[in-house]
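> For the record, the sequence lines run as chains G and P.
Going by my numbering, the letters in the first sequence line up with residues 267 to 586, in that order.
Going by my numbering, the letters in the second sequence line up with residues 267 to 586, in that order.
It is worth saying that the hints were derived from the structure and are not from the lab.
Just so it is clear, CB atoms sit at the ideal spot from N, CA and C, and this is done for glycine as well.
There's no promise every hint is true.
What follows is a list of derived Cβ distance ranges for each label pair [what the hints assert, rightly or not]:
id: 1; chain 1: P; residue 1: P439; chain 2: G; residue 2: D301; range: 20 to 30 Å
id: 2; chain 1: G; residue 1: G557; chain 2: P; residue 2: D279; range: 41 to 51 Å
id: 3; chain 1: G; residue 1: S360; chain 2: P; residue 2: G486; range: 46 to 56 Å
id: 4; chain 1: P; residue 1: S277; chain 2: G; residue 2: R282; range: 41 to 51 Å
id: 5; chain 1: P; residue 1: Q489; chain 2: G; residue 2: M466; range: 56 to 66 Å
id: 6; chain 1: G; residue 1: E533; chain 2: P; residue 2: M466; range: 36 to 46 Å
id: 7; chain 1: P; residue 1: G394; chain 2: G; residue 2: A582; range: 22 to 32 Å
id: 8; chain 1: P; residue 1: E299; chain 2: G; residue 2: E533; range: 25 to 35 Å
Here are some of the chain G residues that sit facing chain P, going by a computed Cβ distance under 8 Å [claimed, not checked]:
id: 9; residue: I300
id: 10; residue: L315
id: 11; residue: L318
id: 12; residue: G322
id: 13; residue: C539
id: 14; residue: L542
id: 15; residue: G574
id: 16; residue: L577
id: 17; residue: I579
Beyond 12 Å from chain G on every Cβ pair, some chain P residues (computed) [claimed, not checked]:
id: 18; residue: V364
id: 19; residue: Y395
id: 20; residue: D398
id: 21; residue: E405
id: 22; residue: Q411
id: 23; residue: I518
id: 24; residue: R560
There are 2 protein chains.
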Amino acid sequence: MRAPDFVVSPSRDDLRAAATRLAPHVRRTPVMEIDGGDLGTKARVVLKLELLQHTGSFKARGALNTLLTRSVPVGGVVAASGGNHGAAVAWAASRAGVPAQVFVPATSPPVKARRIAAYGATVVVVDGYYPDALAASREWAADRQVTEVHAYDASEVVAGQGSLGLELADQVPDADQVLVSCGGGGLFAGVALALDGGPMVLPVEPERCRTLHAALAAGGPVQGEVGGVAADSMGAATAGRIAYEVAASRGITPPLVPDDAIVTAREFLWERCRILAEPGGATAFASLFCGVVRPAAGTTVVVVVSGGNTLEIPGATSEA
Amino acid sequence: MRAPDFVVSPSRDDLRAAATRLAPHVRRTPVMEIDGGDLGTKARVVLKLELLQHTGSFKARGALNTLLTRSVPVGGVVAASGGNHGAAVAWAASRAGVPAQVFVPATSPPVKARRIAAYGATVVVVDGYYPDALAASREWAADRQVTEVHAYDASEVVAGQGSLGLELADQVPDADQVLVSCGGGGLFAGVALALDGGPMVLPVEPERCRTLHAALAAGGPVQGEVGGVAADSMGAATAGRIAYEVAASRGITPPLVPDDAIVTAREFLWERCRILAEPGGATAFASLFCGVVRPAAGTTVVVVVSGGNTLEIPGATSEA
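Model the full structure from these sequences, guided by the hints.
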């Protein structure tokens with residue numbers, strides 16, 4: 267396996283180049299304004315519907331940017347993923363015409379493994395959570411000519427996710443605040459770097475997957491426990507170094523949301539907007555329901571709905 | 267009960283006034299371009315995501331325009347519906363601050379009655395099917411000062427649905443063709459009138475709910491049989507007179523799509539775009555899968571995804 271590149275934040279040129287590189291391949295996902303009054307706020311609330319992206323999450327951006335940037339050996343690419351990154355790597359590898367091997371923790375929903383396979387990747391299911399899958403993927407890759415695509419902590423990945431931020435700058439130029447769900451922090455870092463000098467970008471973490479919070483408290487990324495309703499997509503366990511640097515240098519404290527707020531946010535998105543987000547994809551939105559983020563009257567807050575890889579409709583089981 | 271107004275097509279001024287009237291209340295639903303190659307076409311394909319509208323379908327537009335246009339008596343409004351129209355009337359009445367009485371057949375899914383009640387309407391469940399609910403609603407309304415809101419064949423309703431067409435003219439000014447699902451024809455008529463002189467607007471009907479097709483063959487609306495996967499939202503049985511006049515005067519033959527194309531279109535929208543449409547909402551899109559509509563290379567076709575009131579995810583049963 268190639269040694270991982272030195273982890274460094276992408277520059278503004280890297281971010282712009284990634285956006286140009288990705289434009290013919292990724293969807294320009296739409297934004298939609300909803301009535302802030304329905305959420306008890308006098309702010310203008312705009313949803314960025316990134317769950318409509320290829321593979322059902324923003325991860326398609328970072329994965330494809332990596333494959334279009336690096337020279338990939340004949341052995342192809344390897345990734346470990348709770349699901350969304352794996353599907354993205356499988357999709358990107360298919361676009362780039364290289365093989366992909368994806369290690370998935372057994373705790374992830376079966377539909378995610380099925381979709382990764384549907385994009386043409388070889389799927390290996392590993393007992394445990396994401397860190398277990400990551401360890402297994404590295405053991406497998408150790409003596410092979412393959413490129414590892416990290417789920418969040420690589421410059422090309424962060425630059426790819428940043429293309430979402432550049433889209434937002436064009437779609438909602440008057441945004442005051444942008445809320446993104448934060449697992450490993452790749453989306454947060456990319457969007458924050460893309461919007462540097464513009465709106466405040468806040469990384470929202472589930473209380474039970476508070477990896478960036480823990481990193482900021484410890485002075486650097488540390489391994490923590492993960493659990494709760496969003497663990498399959500937010501359970502990175504260790505924050506990315508890039509995300510840590512971006513948050514620490516800006517003095518940002520990630521808002522923490524309890525599981526019940528995530529459940530309420532998912533219910534609102536489905537019942538009131540017919541948007542079917544997964545728990546991780548609704549985590550940023552949850553911060554408006556539990557009061558941990560209170561945008562000022564008259565301001566514009568953008569909420570990224572970042573993933574929709576679920577088969578569970580809120581309320582459906584009690585109706586069926 | 268007030269006698270229904272004489273059925274007449276809305277004028278261009280009516281359409282523009284409706285759009286202005288509705289703007290503070292309805293969502294400007296987003297559009298998203300997808301890769302035509304995934305559908306086997308070299309045309310540019312743009313989805314208009316109207317299922318994200320309040321109440322989960324375009325019906326909110328026509329219902330609210332009616333309530334904001336007419337002087338509604340103190341008794342409020344009455345409607346019979348187990349589906350999208352009932353939810354739209356309940357929502358619109360709540361916005362307009364008037365009471366709503368919605369008669370629902372006992373055979374309708376409980377979730378639909380629950381949603382109608384959640385918007386503040388009084389729900390009366392009537393034994394039997396839609397005609398029984400309609401009869402009960404008219405008996406109830408006979409000696410009361412209430413306004414009946416028709417589901418599709420009234421000038422204010424068609425003008426309200428037309429606001430979607432005016433949005434499209436702004437969002438996709440270079441559209442060559444617009445495909446809309448057609449049940450009673452209110453959406454088709456409104457969008458066709460709004461885009462008069464612009465792109466061709468085609469009303470797509472399920473083979474088993476071909477009411478506009480039958481009207482054009484008979485020289486006027488006739489009652490027909492309805493069935494198939496989209497009957498719950500497309501089974502108007504009799505086309506609207508306004509829709510008939512609009513189609514006949516333009517020499518339009520509605521494309522017909524089989525049920526399996528509707529199923530395939532729904533699967534594509536969910537699996538590839540994370541858009542969860544109901545069968546009626548995916549009927550226009552189905553025309554691109556069965557070859558009944560073949561847009562020319564290089565042209566731009568807009569497909570309205572018009573409703574999302576479902577609890578069934580394609581493929582979910584085999585995963586659960």
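> Look at each hint and say if it fits the structure.
Status of the hints after comparison with the structure:
As the Cβ distance of P439 of chain P to D301 of chain G is approximately 27 Å, the hint placing it in 20 to 30 Å holds. Range check, G557 of chain G to D279 of chain P: about 46 Å between beta-carbon atoms, so the 41 to 51 Å window is met. Checked against the hint of 46 to 56 Å, the pair S360 of chain G and G486 of chain P passes, with Cβ atoms roughly 52 Å apart. Roughly 48 Å separates the CB atoms of S277 of chain P and R282 of chain G, a value that falls within the hinted 41 to 51 Å.
Here the CB-CB span from Q489 of chain P to M466 of chain G is close to 59 Å, well matched to the stated 56 to 66 Å. In this structure, E533 of chain G and M466 of chain P meet the distance hint of 36 to 46 Å, their C-beta atoms being roughly 40 Å apart. Taking 22 to 32 Å as the suggested C-beta distance range, the pair G394 of chain P and A582 of chain G conforms, at roughly 26 Å. Here the CB-CB span from E299 of chain P to E533 of chain G is close to 30 Å, well matched to the stated 25 to 35 Å.
A least Cβ separation of about 7 Å between I300 of chain G and chain P falls short of the 8 Å threshold, and the interface hint therefore holds. The closest approach between the C-beta of L315 of chain G and any C-beta of chain P is roughly 7 Å, which is under the 8 Å cut-off, so the hint is satisfied. A hinted interface residue such as L318 of chain G counts as satisfied when its beta carbon comes closer than 8 Å to some beta carbon of chain P; here the least separation is about 6 Å, so the hint holds. This hint holds: G322 of chain G has a C-beta 5 Å from the nearest C-beta of chain P, less than the 8 Å allowed.
Interface restraint check: C539 of chain G against chain P, minimum CB-CB distance 6 Å, threshold 8 Å, status holds. At a threshold of 8 Å, the smallest CB-CB gap from L542 of chain G to chain P is about 5 Å, leaving the interface hint in force. Satisfaction of the interface hint for G574 of chain G is found here, the shortest Cβ-Cβ separation to chain P being roughly 4 Å, below the 8 Å cut-off. Below 8 Å, beta-carbon pairs count as interface contacts, and L577 of chain G has one with chain P at about 5 Å; its hint therefore holds.
For the restraint placing I579 of chain G at the interface with chain P, the shortest Cβ-Cβ distance is roughly 6 Å, inside the 8 Å limit, so the hint holds. Listed as outside the interface, V364 of chain P is consistent with that label: its C-beta sits roughly 19 Å from the nearest C-beta of chain G, beyond the 12 Å cut-off. With a least CB separation of 20 Å from chain G, Y395 of chain P remains clear of the 12 Å interface cut-off, as annotated. Distance to chain G confirms D398 of chain P as a non-interface residue, since its nearest Cβ pair spans about 23 Å, more than 12 Å.
At roughly 30 Å from the closest C-beta of chain G, the C-beta of E405 of chain P stays outside 12 Å, upholding its exclusion from the interface. For Q411 of chain P, the requirement that its beta carbon stay farther than 12 Å from each beta carbon of chain G is met, with the minimum near 31 Å. Against chain G, the non-interface label of I518 of chain P holds: every CB pair exceeds 12 Å, the least being about 29 Å. No Cβ of chain G comes within 12 Å of the Cβ of R560 of chain P; the nearest lies about 24 Å off, and the non-interface call holds.
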